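Colleague: Listed here are the chains, written in short residue letters.
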Amino acid sequence: MGLILKNVSKSFGNKKVVDNISFTLDKPGVFGLLGTNGAGKTTTIRMLLGIITMDSGEITWNKEKVDRKRVNFGYLPEERGVYPKVKIYDQLMYFAQLKGMDKEKASKAIDNWAKKLKVSEYLQMTAEKLSKGNQQKIQFMTAIIHDPELVVLDEPFSGLDPVNTEIVKNIIIDLVKRGKYVIMSAHQMATIEEFCSDILILNKGKTVLQGNLKDIKNTYSDNRVIIDVDKEIDDLIDEEGLVIEHVNDNQYTVKINSSEQAHKLLANIIKKKIKVNKFEIMKPTLNDIFIEKVGE
Amino acid sequence: MHDIFTVMSFTMKDMLKRKSFIISTIIILVLIVVGFNVPNIISSFEGDGISEKILIVDQNDIFEGNLELLKNSDLGYDFIIENDNYEQIKEKIENNDIDSAIIIAKENNDIKMTYVVETVDITTIIPEDIMTSLNSLYTNIQINKLGLTLEQIEAITPNFLTELEQVSDEEAQGDVFVIMLISIVLFYAIYFCAYQVSSSITTEKTSKIIETLVTSTSPRNIVIGKTLGIGLVGLVQLILIVLTAYISAKTFIDPELLNQVLDMSNLTIYLGIITIIYFILGYGTYAFLYALTGSTVSKPEDIQQANAPVAILSMVGFYLSYFTMMNPTSNLNVFASLFPLSSPFCMPFRVMMGLSSPATVLLSIVILIITILVIAKVTIKIYSSAILNYGTKMSFKDILAIYKDKRK
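Taken in sequence, the protein lines are chains F and A. With my numbering applied, the first sequence covers 5 to 300. With my numbering applied, the second sequence covers 1010 to 1417.
Calculated directly from the structure, the hints in this document are not laboratory data. There's no promise every hint is true.
To be verified - In silico DSSO-like pairs for lysine-lysine, Cα to Cα no more than 30 Å straight-line:
{"no.": "1", "chain 1": "F", "residue 1": "235", "chain 2": "F", "residue 2": "218"}
{"no.": "2", "chain 1": "F", "residue 1": "133", "chain 2": "A", "residue 2": "1026"}
{"no.": "3", "chain 1": "F", "residue 1": "218", "chain 2": "F", "residue 2": "89"}
{"no.": "4", "chain 1": "A", "residue 1": "1101", "chain 2": "F", "residue 2": "109"}
{"no.": "5", "chain 1": "F", "residue 1": "10", "chain 2": "A", "residue 2": "1390"}
{"no.": "6", "chain 1": "F", "residue 1": "69", "chain 2": "F", "residue 2": "208"}
{"no.": "7", "chain 1": "F", "residue 1": "91", "chain 2": "A", "residue 2": "1028"}
{"no.": "8", "chain 1": "F", "residue 1": "122", "chain 2": "F", "residue 2": "208"}
{"no.": "9", "chain 1": "F", "residue 1": "31", "chain 2": "F", "residue 2": "173"}
{"no.": "10", "chain 1": "A", "residue 1": "1028", "chain 2": "F", "residue 2": "107"}
{"no.": "11", "chain 1": "A", "residue 1": "1386", "chain 2": "F", "residue 2": "122"}
{"no.": "12", "chain 1": "F", "residue 1": "89", "chain 2": "A", "residue 2": "1390"}
{"no.": "13", "chain 1": "F", "residue 1": "136", "chain 2": "A", "residue 2": "1028"}
{"no.": "14", "chain 1": "A", "residue 1": "1386", "chain 2": "F", "residue 2": "69"}
{"no.": "15", "chain 1": "F", "residue 1": "218", "chain 2": "F", "residue 2": "208"}
{"no.": "16", "chain 1": "A", "residue 1": "1022", "chain 2": "F", "residue 2": "122"}
{"no.": "17", "chain 1": "F", "residue 1": "276", "chain 2": "F", "residue 2": "235"}
{"no.": "18", "chain 1": "F", "residue 1": "107", "chain 2": "A", "residue 2": "1308"}
{"no.": "19", "chain 1": "F", "residue 1": "173", "chain 2": "F", "residue 2": "235"}
{"no.": "20", "chain 1": "F", "residue 1": "91", "chain 2": "A", "residue 2": "1217"}
{"no.": "21", "chain 1": "F", "residue 1": "122", "chain 2": "F", "residue 2": "112"}
{"no.": "22", "chain 1": "F", "residue 1": "69", "chain 2": "F", "residue 2": "91"}
{"no.": "23", "chain 1": "F", "residue 1": "210", "chain 2": "A", "residue 2": "1217"}
{"no.": "24", "chain 1": "F", "residue 1": "91", "chain 2": "A", "residue 2": "1259"}
{"no.": "25", "chain 1": "F", "residue 1": "91", "chain 2": "F", "residue 2": "112"}
{"no.": "26", "chain 1": "A", "residue 1": "1026", "chain 2": "F", "residue 2": "122"}
{"no.": "27", "chain 1": "F", "residue 1": "122", "chain 2": "F", "residue 2": "10"}
{"no.": "28", "chain 1": "F", "residue 1": "89", "chain 2": "A", "residue 2": "1217"}
{"no.": "29", "chain 1": "A", "residue 1": "1390", "chain 2": "F", "residue 2": "73"}
{"no.": "30", "chain 1": "F", "residue 1": "89", "chain 2": "A", "residue 2": "1028"}
Remember, predicted model here, so these are calculated numbers, not experimental data.
Between the sequences and the hints, there should be enough to build the whole structure, so can you do that?
Modeller: Spelled out as structure tokens, the structure:
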């Protein structure tokens, strides 16, 4: 059960854009596909959905070849698009019917999702009159309106304000709760950390890191400590030979090589009778790992 | 099939709701109605039954008082015969008592005719029919003076009979004007409808909706559905135009005059069916070619450049058909009626002229269908790859590379 990509490769001319990548989604959840611009994410997604053919390898969904006839999938492409002169309701109905829904079911689904995404008032308007964020929510609706098993979201939050980001996040969480398989590509690492149990990082078409996000982070030692105090401690940090990464209103983020360094700094702060509001030793963020793996 | 129908009906609704389509259709229909009313409009400006008043002054009595005979002619002018001088004529024209005047006077051994009008433009000459009548009147006066017998007059008056014969068995019939009109209407209808396919595909590319679309249904369904949708709307538009023209002609044009200009007797149901079949097949050929070029561009400003090769092909097809119509029994015209790029414009003409047997028509249709299938196959293959190219316009080399890649 699930999605399997095995040794998939693709070249355009002499350039290999996806080089022998493999991954598996064997249970419902969100899988993070990461990489810099031009790393091969969109090509991987396009091969996965059968939009372009792969040169070699195998892609299966429940042991069957993935194509639009066999797999009920939904796709939010990176290249956003709507019919500018067509009413929102008409274009949603068009795509719902192409995905095999009858008019009655499609109409109910449009009303239902429009309420959830707070776009009901725009259904009778042409797309060109909508803001970019609202157009994106309409595209998101197009991807999920037919209740797909596999949902592929390429940069689902780009261009959304915090309120709309929260609305879309809640819907993705709800999709996972309902047993859907979601593949998500995003540049916001904090979002990926929030959602994804498994990730794959691509660099120039090659896999540079993949696996369970928690397991990956556990392989890294603690690398920073956050200390919130009520007076300046720059000199104490300096005495320990540590480097301040960021400071704001006496909340320090300090780079460390081990947790012992953080504990020693804490002991010195207490000895000076400085009040400590927050002390948190942290592992590297996904952003740190990403930059380490793909940063030139 | 369900998806083809869905794409087709969406495309049709989209086209029919477009303001540009509605406005252009209304303008065409209004122009047709106005066009057929031009004779009525002109006559209403000229005034009902009011003829042009022409004063004729015979200063030296050259016509010996016989000019009054002109008043009995059915030339449609109101002739006034008087002996006014130039100043009086000028005054009459300025007061709109007369429209123009012809002054006839002797000049040495010649007869000089001066045409006096209010303002001269480049088309101002003495009306030809008046000149002919004056000529004839003068000749008769002079012949009468010679005292010739009736036989002698008959002997010097030629009565040529003309007849046209050809040595081959093929006989062209029908009104060439009607046939050329049909051919031109067919060309423009096919050309503009097929062009819409290209424009529609480029719009989907530029609005970036295409990627969602190709994951919702196959490129084959998109191309076929879109082509059918635009074609049906075009066919309805064409029928509307032809019906409006037909009704306008019957309503506003004098039946006798209409029969003189357009011989409708050749417009049979068979020809109507043939014309519709060739519209559909011709449209299919060019629509798939335009779908191919439309899928290779991603910016609206590139579309004309990309479509140029197809536009040239259609021009070649049309002119091959149009110029060979002048000699419909030539081998080149037979070739044009079978060659798939020109046959949609040529074969209805040959059918109307009674030059093509049903077998030849069938052969031409089969060639067209095979051509459409081949072009559609190539187009769908290239479309499915080219539509995801958002970069610069693709070159012929790129298109060929995609086709070879897809054939693997």
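Colleague: Which numbered hints does this structure break?
Modeller: 1, 3, 4, 8, 11, 18, 19, 22, 24 and 27
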